[in-house]
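Novice: Residue numbers (the working numbering): 5 to 98.
In case anyone wonders, no lab produced these hints; they're calculated from the structure. Each residue gets a CB set at the ideal place from its N, CA and C atoms; glycine is no exception. Any given hint could be a false lead.
Okay, the calculated beta carbon distance ranges per label pair [unchecked claim]:
{"#": "1", "residue 1": "Pro41", "residue 2": "Ala17", "range": "56 to 66 Å"}
{"#": "2", "residue 1": "Thr44", "residue 2": "Gly14", "range": "31 to 41 Å"}
{"#": "3", "residue 1": "Thr44", "residue 2": "Lys7", "range": "38 to 48 Å"}
{"#": "4", "residue 1": "Trp54", "residue 2": "Ile8", "range": "34 to 44 Å"}
{"#": "5", "residue 1": "Leu65", "residue 2": "Ser45", "range": "55 to 65 Å"}
{"#": "6", "residue 1": "Gly50", "residue 2": "Ala74", "range": "32 to 42 Å"}
{"#": "7", "residue 1": "Thr28", "residue 2": "Gly50", "range": "27 to 37 Å"}
{"#": "8", "residue 1": "Pro42", "residue 2": "Leu13", "range": "52 to 62 Å"}
{"#": "9", "residue 1": "Pro32", "residue 2": "Lys52", "range": "32 to 42 Å"}
{"#": "10", "residue 1": "Lys7", "residue 2": "Gly50", "range": "29 to 39 Å"}
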Amino acid sequence: MRKISVALLGAAAALPLLAHAATTLPDPADAGASVPPPATSSAFDGYKPWHDGEAPSWQQLNREVAPSRAATGAKHAKHGQHANAASEHGGDSK
């Protein structure tokens, strides 16, 4: 315990000597003072832009999702059957 106390007192005594060894910064009020350049790196260092692959045109995509002509004709045929069924049962077809 005594050795630790002596070591702490020695370090405390040497601390003011180390504080004076620090480099001093120029006065901020002095407009002509030389200032070292900032030592920071850019946030964009190592940035690699995203590259999309080859994409189909919008016309090709529309053709792929559009209903086929056969499917469209089948839908119209079903509507006609419902109208006929309604008129057979005495209902009004609209």
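Novice: The structure should be examined with respect to each hint, and the outcome stated for every one.
Specialist: Taking the hints in turn, this is what the structure says about them:
1. Pro41 with Ala17: 56 to 66 Å: Roughly 37 Å apart at Cβ, these two residues miss the hinted range, so it is violated.
2. Thr44 with Gly14: 31 to 41 Å: holds (38 Å)
3. Thr44 with Lys7: 38 to 48 Å: holds (44 Å)
4. Trp54 with Ile8: 34 to 44 Å: violated (58 Å)
5. Leu65 with Ser45: 55 to 65 Å: violated (42 Å)
6. Gly50 with Ala74: 32 to 42 Å: violated (54 Å)
7. Thr28 with Gly50: 27 to 37 Å: Cβ of threonine 28 to Cβ of glycine 50: about 35 Å, so the range 27 to 37 Å holds.
8. Pro42 with Leu13: 52 to 62 Å: violated (40 Å)
9. Pro32 with Lys52: 32 to 42 Å: Holds, at about 39 Å.
10. Lys7 with Gly50: 29 to 39 Å: Violated, at about 50 Å.
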